[in-house]
Amino acid sequence: MSAEDYIICPHCGKENLIQATRCIYCKESLDLIPKAADLAASDEDLSEMLSAMAEEDGDVEMAAPAEDAGSLMPGASNPQPAPIDEVGGSNEIPSWLAHVRQRAQTEGDAQGLYNRESEPNSAQKLPGRESLDQPFNSWVGRIHDSLTTSDSSEVDMPVEKADEMPVWLKRVRDLQLQPDENTVQKPTGVEAWKQEWSEEDLERLKNGEFDEKTILQPNLLAQASAAETETAAEDVQNAAEKAGQKLAGAGSVEDFAEANVGASENLAVAVGEPTDASDAVAEQQGVGQHEAQAEILKEIVTTESLPRYKRTEEKPRKTDIWRWIGILFLLAMLVAFYLLFLKRPAPAPLANTAGTAFWNRLDSVQTSAKVLMVLDYQPATADEVHGNLQPVLARLKTQNVQLSLVALWPDGLWLGRELLEATALPLTTELNFLPGGSLAALASAAGLRPAGSTPENQTSLISNSVALTENDLIVYVTDNPESAKTWLEQVGSFLQPEQSLVVSTQASQVMLQPYYESSQIAGLSTSPYRADGVLLANNPTAAATPAFEAGMGVMAGFLVLSFFGRLLNTYKKKPGEDGKI
Amino acid sequence: MINLDLIAGILGLLLTIMVFSYLAGDNLFFRLAMHLLIGVGAGYAAALLIQLVLIPHLVQPLLLGSGNAFYLSLAVCLFTLLLLTVFLGRFNHLARLPLAFLIGLIAAVSIFGLARGTLAPQMLAIVNRFSPELLYKDNLPDWMALVKAAAMLLGVIAVLLYFDHHFSRGQNNAKLAPLSENASGVGRIFIGITFGAIFAGVFATALLALIGRIAWIQNLLMRWLGY
Chain A
72 MSAEDYIICP
82 HCGKENLIQA
92 TRCIYCKESL
102 DLIPKAADLA
112 ASDEDLSEML
122 SAMAEEDGDV
132 EMAAPAEDAG
142 SLMPGASNPQ
152 PAPIDEVGGS
162 NEIPSWLAHV
172 RQRAQTEGDA
182 QGLYNRESEP
192 NSAQKLPGRE
202 SLDQPFNSWV
212 GRIHDSLTTS
222 DSSEVDMPVE
232 KADEMPVWLK
242 RVRDLQLQPD
252 ENTVQKPTGV
262 EAWKQEWSEE
272 DLERLKNGEF
282 DEKTILQPNL
292 LAQASAAETE
302 TAAEDVQNAA
312 EKAGQKLAGA
322 GSVEDFAEAN
332 VGASENLAVA
342 VGEPTDASDA
352 VAEQQGVGQH
362 EAQAEILKEI
372 VTTESLPRYK
382 RTEEKPRKTD
392 IWRWIGILFL
402 LAMLVAFYLL
412 FLKRPAPAPL
422 ANTAGTAFWN
432 RLDSVQTSAK
442 VLMVLDYQPA
452 TADEVHGNLQ
462 PVLARLKTQN
472 VQLSLVALWP
482 DGLWLGRELL
492 EATALPLTTE
502 LNFLPGGSLA
512 ALASAAGLRP
522 AGSTPENQTS
532 LISNSVALTE
542 NDLIVYVTDN
552 PESAKTWLEQ
562 VGSFLQPEQS
572 LVVSTQASQV
582 MLQPYYESSQ
592 IAGLSTSPYR
602 ADGVLLANNP
612 TAAATPAFEA
622 GMGVMAGFLV
632 LSFFGRLLNT
642 YKKKPGEDGK
652 I
Chain B
767 MINLDLIAGI
777 LGLLLTIMVF
787 SYLAGDNLFF
797 RLAMHLLIGV
807 GAGYAAALLI
817 QLVLIPHLVQ
827 PLLLGSGNAF
837 YLSLAVCLFT
847 LLLLTVFLGR
857 FNHLARLPLA
867 FLIGLIAAVS
877 IFGLARGTLA
887 PQMLAIVNRF
897 SPELLYKDNL
907 PDWMALVKAA
917 AMLLGVIAVL
927 LYFDHHFSRG
937 QNNAKLAPLS
947 ENASGVGRIF
957 IGITFGAIFA
967 GVFATALLAL
977 IGRIAWIQNL
987 LMRWLGY
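Residue numbers (my numbering), protein chains in the order written: chain A, 72 to 652; chain B, 767 to 993.
Just so you know, the hints here were simulated from the structure itself, not pulled from any lab data. Please note that a few of the clues may not be correct.
[Unchecked claim] Covered stretches of chain A (in silico footprint by chain B; criterion: 3 or more residues with CB under 8 Å from a CB of chain B, positions within the stretch not fixed):
1) 481-491
2) 586-597
3) 620-627
[Claimed, not checked] Non-contacting residues of chain B with respect to chain A, defined by C-beta distances greater than 12 Å in every case (computed):
4) A861
5) L863
6) A916
7) Y928
8) D930
9) H931
10) N948
C-beta atoms are modelled at their ideal positions from N, C-alpha and C, and glycine is treated no differently.
Given these sequences and hints, build the entire structure.
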């Protein structure tokens, strides 16, 4: 990441990401700082803007502050970097470092590590650039003056607005370890340099044989520079101490001046290379900070990617007395209704055209007709389905039809066997399992055979007829309206409407009635009664009619009670307590 | 001599009571009964599928068949093996091939069936409700049939407008005509009636299942007591 990807906070001087709107360290606003990318992007429009400003302000007014504003531009007031020989002195730095600096000065570096200060100056040498930069510096200077003199309410971030900090940044800061407590002590400076570089590499680097363009990293250069700076600073301090000692021992002005010469020379070594050493140190600090942030982010990602097992604390279970009261009330009501209305004759159901059509079609079945019964229901609803189906089977038994059963689920095999036993039909009645559900039924309706059928192994889907359509009547038994819809959608178009009958549960009545209305099925039965209210068979569901009515009555009572309870709770609350009243 | 009916009755009674214990909250006995139900069901289905599907429709044609039956079974076997590669971490992408085939086939069949088996016939049924044969009875207008047909048409349009209104309300700056607003309110009434009827049916089915189990327990106890 290059240095251009950062912006320097004008308040604390630290680097921030270019996308940041506030300084990550001092929380000051960064919005008003012109970013390098923005300046570069707006370079083409700059001449037009400045021309407009020049027309607005006038030539005299624009030229006047140019000298002052020029000092605000980076590099404008800084001196030109001195040649290496003049700054450092070839005797004070290693020859390999001088070589590196020489290469950087002559060839330039992409990172701008060493030539950062010289770039604006080199750019100023372009023809016509000077006329452009002078009004630009004036413009920037006026912006800076207006910001520093005006009320800084927009720039200063109030403490209360710290809550607007992004969540991820808060978490990073919370997880940031204190350096004196948990920071892992890593080698820095020369020690890190020695760890990362082998002796051979250093030797090759000293001899100028090392290809630093491809191998040498900018941060290593920065570390090297930092190490040299530290050494130079120590030398300066030692020289100052020695000079002080000499001064104390000399006691004359001449002796003091003589002693100060060495210190000044050493000081010049350290101070005279601000362009490379100080930048390298800043770069090293910035890289170190970002490495630390990257480590923290990596830790967050690692932590969050781990599976979390939320430990649920076992709360002491309260005795829910109302639950038990409700259960007891339900059972008591069931028993009471069952006993009270046990001997009452079952009421006739409402007239149902679909039911009437169902029984009319069933009565019209000829003797020895092929009738197929498709079982597509679950054991949980077997009581109701069998109650509805037993009168149908009894009727077919009297008509002496060729009955065969096919189950779409494995459970259907023993459910079908149980059904045959309950209706006293011969157990030799054909009962097969059709794998594949409605898709297999579709294949059968289309006259297809299973993939594995061979002449030696004639395993058709439904054995008493090769194709589904060859049956005179198909009774589809289901407890799920969606399954019935799928069946009718896939198979219905291959069948004549008078070929299809459906036996289902009361829950499916509403959803299947439209298919009878659209004449896609010949009839629909969802109860053991005929449409005229005659009970067709003595089955468990019909015997339990009082209990069924009792249950429906209890449920209706619960619904009314819950309605009034909710109403009471609503009005017990004060207006506005829950924001609704 | 062990009476199997007695053992089966006791087991059935215990399992029924274990399932009913859910009324007092989730507990160990209810979970045990559920695990038993799922385990026994899966084992029964697996055994049945091996016996009735895999052996006669896959294994036998591969071993004994010839011609088209053999090659078709080979293709099915290949797809099955590809599906099993889902357990192999390195080659699990091969399992996408049979899955894609199945999902694509089911999607195509479902869409075609939905259009052919539900959408078109239901729309035609609404239109046919206004046919003169149904609206006239003994050369006189059958007003009840006319009201029924109009109510059906109104219900369909109102429900469609309700869903259109419901989804348009989520969009910004969506303004609906007052007529559309009122019609969508009527649609809500139709939907409420439908859901109420479905709820009553579901409750009736559940209640019948409960009654069936209670009646079974009652019969069992009466038989043991000699009544």
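For each hint, the structure was consulted:
no.: 1; hint: 481-491; in the structure: holds (count 3)
no.: 2; hint: 586-597; in the structure: holds (count 5)
no.: 3; hint: 620-627; in the structure: holds (count 3)
no.: 4; hint: A861; in the structure: 20 Å, holds
no.: 5; hint: L863; in the structure: 17 Å, holds
no.: 6; hint: A916; in the structure: 15 Å, holds
no.: 7; hint: Y928; in the structure: 18 Å, holds
no.: 8; hint: D930; in the structure: 21 Å, holds
no.: 9; hint: H931; in the structure: 23 Å, holds
no.: 10; hint: N948; in the structure: 25 Å, holds
Checked against the numbered hints given earlier, the structure satisfies every one of them.
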